[in-house]
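Peer 1: Spelled out, the chains give:
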Amino acid sequence: MSKPKCWQDVPPATIAWGASALDVETGLWRSMRPVLDQNKCISCLKCWLQCPDSSIKTSEEGRVCGINMFFCKGCGVCAQVCPVNAISMHQEADFTNEKREHGEDPGRVAGHVK
Amino acid sequence: MLNKRKEMTSGNLAFAEAMRQVNPDVVAAYPITPSTEIPVKFAEFVANGMVDSEYVAVESEHSAITACVGASVSGARVMTASSANGVALMHEIFPIAASFRAPIIFGLVNRSLGAPVNIHCDHSDSMPERDSGWIQIYCEDAQEVYDSVLLAVRLAEHEDVLTPVFVCQDGFITSHCYEPVELLSDEAVKKFVGERKAKYPLLDVDNPVSYGSFTMSEYYFEIKRTQIEGMNNVPRVYKDLTKELAEYTGREYPALDAYRAEDAEYLIVIMSSATGVVKDVVDEMRERGIKAGCLRVRFFRPFPAEELKKLAKGKKGVAVLDRSASIGGTAPLAAEVKSALYGLSKRVPLQEYLFGLGGRDLYPRDAEKVFSGLMENDYSDTARYIGLLEKDEENGGN
Amino acid sequence: MAGIDLKELTKKQNPLTEGHRMCPGCGAPTAVRQALMAVEDPVVVVGATGCLEVSTTVYPYSAWRVPFMHVAFENAGAGISGVEAAHRVLSRKGVAREKIKFVAFGGDGGTYDIGLQSLSGALERGHDFTYICYNNQGYMNTGAQRSSATPISANATTSPAGSVIPGKLQRAKNLTEIVTAHDIPYVAQTTLHDPMDLIAKVKRAVETPGPAFVNVLVPCPLFWKIDSADQMKVCKLAAESRFWPVYEVTEGKHVLSYKPKNPVPLEDFLRVQGRYSHLFKKGRERMDLVAQGQADVDREWERLLKKCAG
Ligand SMILES: Cc1ncc(C[n+]2csc(CCOP(=O)(O)OP(=O)(O)O)c2C)c(N)n1
Ligand code: SF4
Ligand code: SF4
Ligand code: SF4
Ligand SMILES: [Mg+2]
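Chains as they are written, first to last, in the numbering used here: chain F, 40 to 153; chain V, 1290 to 1687; chain U, 218 to 527.
Hints were generated in silico from the structure; no laboratory data involved. Here the structure is a predicted model, which means the values were calculated and not measured. Any given hint might turn out to be false.
To be verified - Distance ranges between label pairs, derived from CB positions:
{"no.": "1", "chain 1": "V", "residue 1": "E1536", "chain 2": "U", "residue 2": "R309", "range": "29 to 37 Å"}
{"no.": "2", "chain 1": "U", "residue 1": "E468", "chain 2": "V", "residue 2": "M1339", "range": "31 to 39 Å"}
{"no.": "3", "chain 1": "F", "residue 1": "D48", "chain 2": "V", "residue 2": "M1505", "range": "24 to 32 Å"}
{"no.": "4", "chain 1": "U", "residue 1": "G427", "chain 2": "V", "residue 2": "S1506", "range": "39 to 47 Å"}
{"no.": "5", "chain 1": "U", "residue 1": "E468", "chain 2": "V", "residue 2": "K1295", "range": "50 to 58 Å"}
{"no.": "6", "chain 1": "V", "residue 1": "N1374", "chain 2": "U", "residue 2": "K310", "range": "28 to 36 Å"}
{"no.": "7", "chain 1": "F", "residue 1": "R102", "chain 2": "V", "residue 2": "F1510", "range": "45 to 53 Å"}
{"no.": "8", "chain 1": "V", "residue 1": "K1295", "chain 2": "U", "residue 2": "R309", "range": "32 to 40 Å"}
{"no.": "9", "chain 1": "V", "residue 1": "A1346", "chain 2": "U", "residue 2": "S494", "range": "30 to 38 Å"}
{"no.": "10", "chain 1": "V", "residue 1": "A1535", "chain 2": "F", "residue 2": "K44", "range": "39 to 47 Å"}
Backbone N, C-alpha and C define an ideal beta-carbon position, used for all residues, glycine too.
Let the sequences and hints guide you as you build the complete structure.
Peer 2: Written as structure tokens, this is what we have:
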């Protein structure tokens, strides 16, 4: 979704398009990172059910298969609810060299207003 | 289709009859004097299967206007009515409705705001809403109320406008007095108003949108600018609409109703039902060879500033009669008129008056006195009061 | 839980998407996700002003994949009434789909306090909708002020625990029973102790014709002063201490949905939350208030059992 650049681009009636927040990279907030151990995971879906940010990925067969780092805020809920300790929390700083794709920085939504 | 009928009816009942003919999808309303008859009459239409509408008998005006917003955003054609305290209770939601571009038609039956409690007419309830982003139409009589409802539906829903409309009438004076009103046939109304086609209805579950977002300084200004654009388009759209309706009714209503104003030397600017008295006095004065005239402001929002400027240019004197006060500042109509005349290179002398608060009548002698003042070059820096009980020395005893 | 296949649910699109701006570990988005998870028909949502609304609709983005409307703080009940009324007409006319469910979300402030009248009116009029109160027991969006849902003794910014006054002096009002008194077809109370309970309750609420109400206790880690990971743990303590009874009222009949086998003392629930830390300060303990709180819980529980018994 491209953001309006001038008032003429603004959709009428305070409207925002449904699901457009998928552009917002809330993963930038993270200070702790959950790491999933697929070998331990029994795919009970408890973490998937409880994640406030819908960041637990599932496969087509409905199995937990990863964590979406673009959105995950690192709250630790998933690790806390996992019955077999398949998720552990780590310092985000340990991953600083990792390459990742960027979406929209939520802190810079107002970037055009200087 | 044009078989019209003439009926003795009142402003409220004319409004309700127009509603029945428009057959809105949703009406959510709450009773308050003097607009109560409108929802009561409409509930009766619903109970008797005369309309297809859903009537939501809410528990307050705040909920009435909120339900109207919800229904309008859903894609429904929506109408409601209220007065005074009811309007004040809705205040929070009016700018939201306008910002949602919800084309709600609102029968505002003017009544003074308490305290003290007073059920009679002045414009202290509608004037605080002038900056809410709604269109405001003020009607002189029941016929105009009826015609204005039909116009308002088309105007509000026009793609270039998408702005809610207050159709205002004076409480009791217009709302409750019976007068002959010409009504169109149901088919004619149906044809004129058509069906609403909403662009982004909330109920379109396949194309979900969110209404009422949160935005700080990033986009608030831009969203307001789009509303201003909608309002700016009103005069152009309205001009065509009133012509189109006139093909059915033979009646056309300009935004600014000029009565013997073009060649007049002295003008009274006024609104709503009290205009009748002024027009009579104008006729009388004309007979006496005095070039008097009257301007009735029908659209207060958008304000017909250009038209007013043109008509007031070169006059020897203008008096503005406000039916609501702005305590500590200039009354609403006077403020608009003064601001409109600011662009004239030659200043037109102007006198402000307050009249009719709480339903006090305006008499022909009052209007005559106003004209005399203009003719005698008698101006004061502050507003004068018409019909106010003054201390003995000022008005010769009470 | 009968009839709910979790694996199937993972294929369904989320009504509330990721990318919203609620705090890490907030209970509200978990509640919204779980609530709408098993609703089969398309849903239209109305939200009251509050953390949920603000954080999910930061313009020009919206985290709602379903149609969403927010009007103001005190009027979600009236807003959904208007939408539902419009739907009745527009579906008759064939302009809108026939099967749509209407769900309103309000915080405890928007429900217990400023929006109570609007909710009451909508319930009395019998609109076909479900109202879900995500109850974090205070006004979070404006910075953790007390509401009438804030429990006694809690430290909130307008009922602060000071050297003289030990936090909020009044008990929370029992909104679930106030709503029950409206004699609507379905009322429920739950928390985030067990996702299946919330999922099933909202499914039932939405499928019940007429008004339904669900009161969900959700932690706000900031106000409750708990670790962001602990939402479920704390909710379990709320249910097991019977501080927050988990039950439903179907056609006026009260039924407990969860009866703790070995109830834990209220103190266990209070101790894990920083908003009660003033009660446990070394040397200045207020165990009298803890005991009073326990007595309240016991009394309310007995009352509820009586209602369930008949
Ligand atoms: C009429 C009105 N009064 C006050 C406010 C300010 N306000 C916005 S949200 C809020 C508190 C919301 O509390 P709650 O409903 O519990 O939701 P939460 O933020 O806790 O999720 C307040 C006081 C407002 N928006 N409108
Ligand atoms: S909670 Fe643990 S075991 Fe269950 S799905 Fe998640 S990671 Fe796997
Ligand atoms: S850390 Fe929190 S946001 Fe991230 S996946 Fe786990 S539960 Fe979701
Ligand atoms: S302040 Fe509390 S309720 Fe609001 S988003 Fe943050 S955690 Fe949630
Ligand atoms: Mg709250």
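Peer 1: Which hint numbers doesn't this structure obey?
Peer 2: 3, 9
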